Amino acid sequence: MNRIPLAAGLLCALGLGAGVALANADALSTVREKGVLRVAVYKDFPPYSYTDANGRMTGLDVEVGRALAERMGVAMSLEPIPASDESMEDDLRNAVWKGHYMGWGAADVMLHVPVNADFQQRVDKVTLFAPYYRELVAIAYDKDKIPDLNSLDVFRKEKVGVEMRTVADQYLITTESGAYINNVRHFRTPDAACAALKSGEVPALAAQRGQLEYCLGGDRARFVVTTVPAPNVRVFEWNVGMAVRASEPGLRDALGDAMESLRQDGTLQKIFDANHVSLNAPAH
Amino acid sequence: MTDSRFLKHRLALGVAMLLGTAAAQAGVTDEMIMNADKDTQNVLTWGITLNGQRYSPLKAINADTVKDLVPAWAFSYGDEKQRGQEAQPLVYNGRMFVTASYSRLFALDARTGQMLWKYEHRLPDAILPCCDVINRGAALYGDLVIFATLDAQLVALNQETGKVVWKQKLDNYKDGYSNSAAPIVVKGLVITGVSGGEFGVVGRVDARDANTGKLVWSRPVIEGFPGKILKDGQLVDSDITGGAANKTWPGDMWQMGGGATWLGGLYDAETDSILIGTGNPAPWNAHTRPGDNLYTASSLAIDPATGKIKWHYQTTPNDGFDFDGVNELVSFDLHKDGKVIKAVGKADRNGFFYVLDRTDGKLLSATPFVTKQTWATGVDLKTGRPIETGVRPGDPSKSADGKKGETVFSAPSFLGGKNWMPMAYNKDTGLFYVPANEWGMDIWNEPISYKKGAAYLGAGFTIKPLYEDYIGALRAIDPATGKIVWEYHNPAPLWGGVLTTAGNLVFTGTPEGFLKAFDAKTGKELWKFQTGSGVVGCPVTWEMDGEQYIGVPSGWGGAVPLWGGEVAKRIQHLSQGGSMWVFKLHKS
Amino acid sequence: MQWSAVALVCALAVPAAFAGEAVPPDPLDSVQWPAMVHKFFRDQRVVFDDAVQVIVPPAAEDSMNVPVSARVHGLPDVQEIIAFIDFNPIPGVLSLRPLQALPYIGFRVRVQQSTPIRVAARTADGVWHVGGAWVDAAGGGCTLPSAVASRVRDEDIGKVAARRWPLADGGQRLKLRIAHPNDTGLISGTPAFFVEELHVRDAGGRELASLALHEPIAESPLLTLEFPVAGALAISGRDNSATLIEARVE
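Protein chains in written order, with the UniProt record's numbering: chain X, 1 to 284; chain Y, 1 to 588; chain Z, 1 to 250.
Okay, chain X solo, but in the shape it has when bound (with noise of 0.2 angstroms):
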């Protein structure tokens, strides 16, 4: 008769007891206390991070993940998160630092944060390291409508696809003073730009080269993927890494240790190959 109550009391002291190692320990112990990393990604991010027809998360982002916590000797929990319609501030803030107010985020880790010391400076609650690749903007074409994208003034007379609110959609519109604009469609999501390239309805597809080896997958003999023709755009290329707070430097080089393993190991080539993704070094 006396067992209810006295499993709440026991329930009570574990609470209690979890709060004060909490408030104690550094990011690092916790994980390891815990046995989890909580991994925030984006929601909707194919090739990166998505739910597959099964309901679940996977991706080059989600597989990394796991790969990092399975070499600290911990479990992964996952943390989808909604990109911010803003920028990537309100995303680290969400994620990372402080947690949403509708109650998810504040997790461990962040992946696919862009390492830059230009943008270090603007979110200093956070630390940007361990950069695992190099993306860049890339152009996939039709080689049958386009003989050869040597110059974007191809598109003055050609139609090009782009996911909107991206870099690509950005420059596309207003470099040249807007003289390409009539001819750049918008798209919802690049799973709709890729299906419209796919289709014909564009000879041409603007987007981050892993969006764009994953839309083609082994369909390369109609299309090419190439480097933008643009000189000296800066933005068009940079360090995708991981984000942890500021404050957590045990983890942050826990973490960098099992990235440069990955690395070493070979175990990263066979996430993004299994991905279909090129494994371009990041730069210093």
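I should point out that these hints are in silico values taken from the structure, not numbers from a laboratory. Each hint can be trusted.
In silico lysine-lysine, BS3-like type, Cα no more than 25 angstroms apart, as pairs:
#	chain 1	residue 1	chain 2	residue 2
1	Y	163	Z	39
2	Z	159	Y	163
3	Y	342	Y	382
4	Y	403	X	125
5	Y	398	X	157
What you are looking at is a predicted structure, and each value in this text was computed from that prediction instead of being measured.
Starting from the known structure of chain X, arrange chains Y and Z on it as the hints suggest.
Below, chains Y and Z alone, put in the same frame as chain X:
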């Protein structure tokens, strides 16, 4: 003898019960909503009256007696959900209906503040409301109370039980749609707009059958989209907004054009028009969409029967400042040169107070209601277009080479000369009471910026107060001349609605926690009460058991605390809350 | 000590009117029984009756998902079947009107602590026949959040998976699961959000059974009903936020 008396008694009871049932079934009618200006017992609609004047003929509480105003009751919304409380309460039949943060709705006993029921809407984790988790209020119709939720649903509940009677999806929250505005009911139709971030949301006005929630017509506000209308039980395309696509937009930019109608609308019975403002165009960078970008940042008059746009007036063509034009369009009779003109007043985000002819949308006057406007020197009364200075934010794509762009100072800031908080018009004084804010912004192109893990051409900005001693300014404006008759300065930005009464009073709240009353003619502060948290809601007044009551929600939040910069320093000490305060005159 | 405190609270919660209600002694010996009588039966006639057979596991493996089935044997003309749980913060579980259905119900339920689970059948003469059984359970089934991994995706809410099985005597059994978080509202910050109404009709639109469901029903509730005749079925219903539920079981 005894028997017949007993019978009579029973009979009387029966009749009373029958009448009671009939009244309960009728509930709030179109006629009652249309005549809300004469109904001092109830507060039946957003705007207090459908024309949005926020004026009450009650005057027991007046400039002389307001000093005796004391709390009658207060009610705490509870939970940890203490964020911005921007609602305007409704009062009907002794019950108060007030919405609260996180899409909650409370039914309270208007006499005692005792909770009758509450409805907490289940919100999906993935919603990303742009500007806090606020809600601005509900609509009443029949025995229903109807409100919109952050996940873009419209929910109708039974006034007595709080049970959900119907629910309709306004749009998909996963595509960035949301809703926080109060719906209005016009001739049996619930009228709503849509809210949403920059992400491909297209502004729209929808009309639904208030009894069932079924769509009757829908009007996209961006040129090129066809409307929809119910014909023989089927939703079919109606006319194309603006006649055709690409008249004022390049390429396919109109398809993601923005123009969110996030503040909802009002209604003018004399011209039988829904009057509604539209948001800024998307994307934010004006250089990507040369042209006027109709009908963004505009005022629209819409036929409630068909959803056709009768007239439009654009306040900020090709907006590049985030001066969205959603502000409320308040119908009033303008007395000028011995004539009475059917006019409508609007205090726009861009800092101009516009007076339009509400029969055709023609501009009558446009005068500044803030002290600084860097973007335009005035408005050309012949063409109706702003006289721009050319001071505009730069084109972020110019920073594709990784260099920071030059900094431009622009006023008002993107939070506007006036934001969402509704003004009031007092027909006795002939003055509008406008809650304005004095701030500008530095804006520049970032050398490097990121969004969803990828490079992005972004702009940086910081909001700056224009003055050391105040940001908020409650201004009394004469619509005939545009002159500011009096003003009250407030240290923190004003973010709450205004109420004015025949008692020569103007009520509004402050983020510092006060509900304040001012002399409507002189602006003299007559009374204030500290509610414990910032007041950013809308005050209302009604009469019950022969006494006049004033009610206002309290709870600091909204968009202001979400932005940093120098403004943050002036508001960081303000504490959150979530309660409903009601006042009446102290009787000694 | 703790138990007597509970009993005191409950005793206080029952108004004075309760004194006049006829309360048969409880074979399950639960201190909550008088409060249950007051809440569900008031001055109606109540008898404990072995004809109402309630099957529960002796110990709940998962207190958020306890399988319960109840069958009424040999009572004529059952008008209504209700289920309730003495020690749950919200005791009422469901009410079935077996219009053209057999007097049988299977469901899964959340249990806050060890408690009797009761099912009562009302016959046409207005008498409630009560059966029940104790279930042993760890604490918190109603007030702890469900495991994150099992959460229902928003786009799936209200979707029905259902199947019909023939019964030996020509009738059929219907098993259905409704994807729904079925939140009780007892967890801070999570509003009550649960399936509250279901109707089963035959192919001709005739209503066969109607169910009112309450907060304690388990996440993505699994329900079993039995009917005396075979044939396609249509399911309709809604949750407390008016999300409509529609399905056909061919």
